[in-house]
Amino acid sequence: MTAIEHVAPRAWRETVAQALLRGERFGGAWASGREGSLAWRALLTSPQGERVISCQANERQVESIVDLVEAAGWDEREAHDLYDMAFPGHSPLRALAAHPEDPAQWMTPVTGDGVHQVAVGPIHAGVIESGHFRFHVVGERILAVDPRLFYKHRGLERAAEGSNSEQALQYAQRACGACSVSNTLAYAHAVEDALALRPDRELRVNRTVLLELERLYNHLHDIGAICAGVGFAPGSMAFAALKDRAQQVNQRAFGHRFLFGSVCVGRGGFELDASSTDSARGAIRELHADAAAAWRELEFAGSVQARLDGVGVLSHSDAQRLGAVGPAARAAGIREDARGTSPRLAYDGFTPASPTAAAGDVAARLRMRAIELESTCELLEDLLRQPLAPGTTTAGGAAATTLGVGTVESPRGATTCAVELDGARVARLHLRTGSYANWPALAHAAADNLLPDFPLINKSFELCYACVDR
Amino acid sequence: MNTLAALVQIAGVALAPLLPGSIQALKARLQGRRGPSAVQPYRTLRRLWHKSAVDPEGTSVIYWIAPPLVAACMLATLAIVPVGGHAGPFGLGHDALVLVGLLALARFALAAAAWDTGNGFSLMAAARELMISVFGEALLVLALLLAALPAHSTDLRAMSVAAASGHIWSAPAHWCGALAFMLVILLETGRQPIDNPDTHLELTMIHEGPLLEYGGRDLAFLQWAAGARHWVMLILGAELFLPHWGGFAASLGLLLAGVTFLCGSLALIETTQAKLRILRVPALLGVGCAIALAGAGMWVGGVGT
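Respectively, the protein sequence lines represent chains A and B. First residue of the first sequence? That's 1 in our numbering, and the numbers climb one at a time after it. First residue of the second sequence? That's 1 in our numbering, and the numbers climb one at a time after it.
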């Protein structure tokens, strides 16, 4: 249903610039096609809806838009590495997915008196995903940090090409464990968007429950992770226990702690009878009360609170400029939440929350999660009042097209999936997760902080590496 | 009595790792985990002792001499610190300032070894350690000074005896000294809120950092030295600042009670307090120094004595 507007390569920058002037936001860009006819597409979003613009990449070249939209930086760098594309105007075009030996090809150049580098990872002392961070520091102060990801690049997008839409869902699912519902649901929405299928009420409720269950255990985990970041064991233990209880709800109701296999294309993947929803609802209500109590404890732990204020600040304008999404953006005062604009889900009357003091620091991001935990629990308690039927989709009157886009609010922010169909086959699958959008913001927020505070700042964003690596 | 004290001091060599072990075990229970048992450090030492050492490329004698040197320093401090006001004739004397020097030498050896390996994390942590020790050593000296003033001597045995009488507790200087020394204990044992012994986050390490390159027997030396540091600091804390009166046997019993109390306090502090922001640590130690100086002023001015 999402139409592609073809733009002449010459008019590419102009089209983007005008869209931005009209208030549209950049939502991701991806290369599509094979040798000879490679196209470069960008998603533009506005409260009225989404549109995709596309231009032919003659000789694998498209003019860069990174000076207009800084958020497109990683998209262009990735396409350069994976599709061998060139973006005149994006200079220096530093490597992202590729890992060249020469540091000058991927690092921000930082020179000066007393500046030295600290290299961390990709192997860490704890159980952390594979990522390398190169810090430029003076003493304990961080001047700049370059994250280097893609250590576990599995080529899932390429692998999915040519499979049918049900098979391709498996690839989207395996991008990341902790975001499996968000990723598969964004994918399912994209396919249904292309095929002009509309979900019925049951399916919308069914999927909303899944998405919120995923948010529940992720947010509980993330709050615990921040406690671990400041070495506050009672907090990290309490929230680890709560997270496990949330995952036990998943296990009992859906047979999988990470909710794998619960999303299907075009129909619901499960049903829950009255006794299952009752027991899940009861467990969540208890969890809700216990999480609120644990949060109060944290609010009154002075030594924890003393660590949070003014650390890792992401200002409102920087969040906007870098295209930050999710709790990180809302903590910086950007009241945007894909849940508020999700006609395919059951978020009727949802308004995005934002903390009263949107300082954009670690404290605000932590508080943001606590606020969202509250609304997530309330929503789940409400939606689980009745048994869940699997639900289905109906043809929505419009003609099927070859391109579909789906966006859902993952625990880390808006996750977008674009799918291009070739008959029954998937010709291109592109997944741009909330983590992908937020990594540049994290790197920016870390600058000018103390090196020993970086783990805390990192945990306050708690971004996935696997979602980015794909 | 001196022979008996010497035996207790020698037993300290074997018992020292039990202190960090029991703090960890107690802490685990306080945090709602099962955790390793109190004898875990012994298992670790046995495992490490049977492994070969690591010899990073490009390192010199400084790297491999540091672990035995640190262990030797701690062994010497064990001989210097009296138990129950008595100590064996080990021929090293019992001067408080020698203790300060030995601790500084151990610290310097590790920092030099970190420099020798050139490992980023080791160096970073060693730099932090030295930065903090600028304040920490001042605090240690001041706290010891407060214990030395009533004894008119820096002999640790005399200091212990001077602190044994009940009337010392009416002197505010003694309370100031106790508070300052508690900070010293937190710092020297590498515990929260100053350092986090459980951290896996390389970027936040202080005491653990210089140990990163070591393995096998070298690491066993350093792990034992960490245990010995707990032993020396807690014994000293109990000897100089906690009540102990009566004969030698009673003093030994109260020493045991005092060390147990301090272990419990460390576990409790570590459970209830998050780690401080690193640049706040000097300020905390500075406050400790101010308290100690105020105590010294009050003693000299004759307040409460």
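Among the hints, erroneous ones may be present.
[Said to hold, decoys possible] What follows is a set of in silico ranges between Cβ atoms, one per label pair, in the way DEER data are often shown:
(1) B:GLU57 to A:GLN167: 24 to 30 Å
(2) B:SER170 to A:ASP113: 31 to 37 Å
(3) B:GLY246 to A:GLU297: 38 to 44 Å
(4) A:GLN305 to B:ASN2: 50 to 56 Å
(5) B:VAL300 to A:PRO109: 31 to 37 Å
(6) A:GLU297 to B:ALA249: 43 to 49 Å
(7) B:GLY264 to A:ASP113: 20 to 26 Å
[As the list claims (entries may be wrong)] Some chain A residues well away from chain B (every beta-carbon gap over 12 Å; in silico):
(8) PRO88
(9) GLY139
(10) ARG198
(11) ALA228
(12) ASN458
The set of hints was computed from the structure by calculation and includes no laboratory data. Predicted, not measured: the structure shown is a model, and the values here were computed from it. Every residue, glycine too, gets a C-beta built ideally from N, C-alpha and C.
Status of the hints after comparison with the structure:
Distance hint for B:GLU57 and A:GLN167: a CB-CB separation of about 49 Å, inconsistent with the stated range 24 to 30 Å. One distance hint, 31 to 37 Å for the beta-carbon pair B:SER170 and A:ASP113, is violated here, with the actual separation near 56 Å. Separated by about 43 Å at the C-beta atoms, B:GLY246 and A:GLU297 satisfy the suggested range of 38 to 44 Å. The hint said 50 to 56 Å for the Cβ distance between A:GLN305 and B:ASN2, and at roughly 52 Å that hint holds.
Roughly 58 Å separates the CB atoms of B:VAL300 and A:PRO109, a value that falls outside the hinted 31 to 37 Å. For A:GLU297 and B:ALA249, the Cβ-Cβ distance of about 44 Å falls inside the hinted range of 43 to 49 Å, so the restraint holds. Under the hint 20 to 26 Å, the C-beta atoms of B:GLY264 and A:ASP113, about 48 Å apart, miss the expected range. Against the 12 Å criterion, A:PRO88 stays outside the reach of chain B, whose nearest CB is about 38 Å from its own CB.
Once the 12 Å rule is applied to beta carbons, A:GLY139 is inconsistent with being away from chain B; the minimum gap is 8 Å. Distance check for A:ARG198 against chain B: the nearest CB is about 48 Å away, which clears 12 Å, and the non-interface claim stands. At roughly 9 Å from the closest C-beta of chain B, the C-beta of A:ALA228 falls inside 12 Å, breaking its exclusion from the interface. Taking the minimum C-beta to C-beta distance to chain B, about 9 Å, the non-interface status of A:ASN458 is violated against the 12 Å cut.
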